[in-house]
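Enquirer: So the chains spell out like this:
There are 2 protein chains.
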Amino acid sequence: MNEFSDAARDGLSPAGLEAVLREVGAARYHNRHPFHHQMMSGALTKAQMQAWALNRYCYQSVIPRKDAMIIARSENPEFRAEWRKRVEDHDGSDGWSGGIARWLKLATGLGLDADLVKSEKLALPATRFAVGAYLSFCTNRTLLEAVASSLTELFSPVIIGERVPAMLAKYDYVTKDILAYFDKRPAQASRDSDFALAYVMKHAGTPEKQQAVIDALVFKCDVLWAMLDALAHAYGEKGNIPPGAFDPEAA
Amino acid sequence: MNEFSDAARDGLSPAGLEAVLREVGAARYHNRHPFHHQMMSGALTKAQMQAWALNRYCYQSVIPRKDAMIIARSENPEFRAEWRKRVEDHDGSDGWSGGIARWLKLATGLGLDADLVKSEKLALPATRFAVGAYLSFCTNRTLLEAVASSLTELFSPVIIGERVPAMLAKYDYVTKDILAYFDKRPAQASRDSDFALAYVMKHAGTPEKQQAVIDALVFKCDVLWAMLDALAHAYGEKGNIPPGAFDPEAA
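Each protein sequence line maps, in turn, to chains A and B.
Here the first sequence stands for residues 1 to 251, where the numbers follow full-length UniProt numbering.
Here the second sequence stands for residues 1 to 251, where the numbers follow full-length UniProt numbering.
Hints are computed from structural coordinates only; laboratory data are not their basis.
Warning: the hint list may mix true and false statements.
Heads up, the list lumps identical chains together, so a pair's fine if it works in one copy or across two of them.
Under the rule of at most 20 Å between Cα atoms (straight-line distance), these lysine to any residue pairs were calculated in the SDA-like manner [claimed, not checked]:
1) 121 / 6
2) 118 / 16
3) 238 / 43
4) 105 / 26
5) 238 / 38
6) 85 / 140
7) 121 / 219
8) 121 / 165
9) 209 / 178
10) 176 / 157
11) 238 / 48
For clarity, every value in this text was computed on a predicted model and none was experimentally measured.
All chains should be modelled from the sequences, with the hints used to inform the complete structure.
Expert: This is the structure:
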């Protein structure tokens with residue numbers, strides 16, 4: 001029951017489906033979220049930036065697991081080989097030379113302890129629940145829906161293009177070195193989202209499947225949005241840190 | 001990594017374990033949450049009260065499913081027969097004469113449309129993620145942990161005892177009739193939590209299992225807390241309703 005709930009009712013052409021998916025991103029992707037706008041304007045405190053990095057680590061660390069789940073569910077060797085690149089991107093050759101390690105470098109570059117970040121123990125429960133929902137979705141929904149939920153990558157070059165220059169310009173403690181994670185992502189995300197989009201266009205052959213694809217992307221946008229909502233609530237002006245979560249004053 | 005993370009390190013007596021579990025409730029149960037305090041003080045708007053009832057419906061509606069999952073995981077007929085009472089309490093004889101129906105009556109009594117509430121489509125994504133985490137927990141963790149996660153019922157007579165008189169006294173549109181849900185719950189919850197507590201005392205025979213039980217209750221308190229955090233953020237003074245969620249202005 002949202003503006004996209006009926007989008008595929010009459011069936012869509014491949015181009016029409018792509019157009020709806022891009023509308024979902026334009027309306028729902030988390031570059032629309034107030035917390036992102038605050039980050040871009042230089043308004044975040046260092047404590048808020050730390051909380052963002054620490055919580056987002058939980059998301060980063062589950063990505064190769066959800067991708068392995070997608071691989072596990074495919075009977076097509078070519079699909080599996082292509083999708084495996086994602087796991088390699090995040091884990092690297094030894095588990096700690098890919099995207100997760102680069103995100104950890106960002107977190108430690110912001111002054112956080114590596115073991116504390118890796119433990120994920122001080123993340124917001126709401127972050128854990130959102131990330132868990134994403135893993136469950138890729139486990140329990142159809143393979144088509146799991147693939148479609150990755151399509152937020154269509155929009156990630158945009159948010160990275162907004163985020164990186166703003167972080168460098170507005171926060172003197174942010175250096176190009178600690179933002180190495182973002183150097184690699186746009187090219188990887190473009191390659192991955194091209195493949196996923198082509199898969200979706202090919203396999204969403206009925207209005208029902210098209211709607212499922214659209215709903216999957218809405219769901220994924222909800223996951224990313226809810227993560228920023230939780231940060232904004234816990235570490236915003238009023239401060240509503242739930243019991244047991246990262247407390248910058250105590251750190 | 002919270003104040004209870006090490007509580008069972010040296011092993012606890014049954015009475016010692018119960019004492020720690022009650023400390024978890026005293027520190028972490030959602031009667032400590034600012035949103036609950038606002039409700040008690042009469043400070044909630046009717047729109048906030050509606051949002052609370054609409055979102056909490058998602059939690060109510062998953063309860064018999066998580067209880068059926070617990071039944072499905074037990075090899076003991078006596079345990080199953082006892083735990084089945086919970087499913088009966090919530091579903092009633094025909095699915096709509098138990099706790100879920102009474103919660104729906106509360107929601108409609110607050111002016112919401114029954115089909116809209118039952119659809120769960122306008123609930124906050126964060127509510128769905130928290131409720132989903134609870135169902136996943138009861139599916140994927142040990143039976144002992146799943147049982148232990150129900151122990152928030154030890155504290156529910158307290159919150160109901162705070163909530164009901166306050167709702168009747170402070171909000172003229174709240175009547176005893178629409179609060180029928182809460183009439184039955186204290187006796188049911190006492191019966192259920194007595195059984196679950198005895199089970200936990202009997203089966204948590206090692207420090208590791210005792211710690212798992214404590215962690216399960218902390219997790220469950222996090223679920224309830226996160227649901228109120230999400231309400232407070234979306235429907236608080238500033239208003240940060242995420243895209244697609246219940247909007248009182250539009251209703």
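Enquirer: With reference to the structure, classify each hint as holding or not holding.
Expert: Status of each hint after checking the structure:
Taking identical chains as interchangeable, the C-alpha atoms of residue 121 and residue 6 lie at most 20 Å apart only when they sit on different chains, with a minimum of 13 Å there against 40 Å within one chain. Taking identical chains as interchangeable, the C-alpha atoms of residue 118 and residue 16 are never at most 20 Å apart, the minima being 42 Å within one chain and 32 Å between chains. In the homo-oligomer, the alpha carbons of residue 238 and residue 43 lie at most 20 Å apart both inside one protomer (15 Å) and across protomers (18 Å), since each shortest distance falls under that limit. In this assembly of identical chains, residue 105 and residue 26 lie within 20 Å of each other by CA distance neither inside one copy nor across copies; the values are 30 Å within and 38 Å between.
Taking the closest pair of Cα atoms, residue 238 and residue 38 come within 20 Å of each other both inside a single copy (15 Å) and across two copies (15 Å). For the homomeric pair residue 85 and residue 140, neither the shortest alpha-carbon distance inside one copy (22 Å) nor that between copies (29 Å) is at most 20 Å. Taking the shortest Cα distances, residue 121 and residue 219 sit within 20 Å of each other only across copies (12 Å), while inside one copy they are farther apart (25 Å). Taking the shortest alpha-carbon separations for residue 121 and residue 165, neither the intra-copy value of 31 Å nor the inter-copy value of 38 Å comes in at or below 20 Å.
Taking identical chains as interchangeable, the C-alpha atoms of residue 209 and residue 178 are never at most 20 Å apart, the minima being 41 Å within one chain and 41 Å between chains. Within a single copy, residue 176 and residue 157 get their C-alpha atoms as close as 17 Å, which meets the 20 Å cut-off; across copies the closest is 55 Å, which misses it. Taking the closest pair of Cα atoms, residue 238 and residue 48 come within 20 Å of each other both inside a single copy (13 Å) and across two copies (19 Å).
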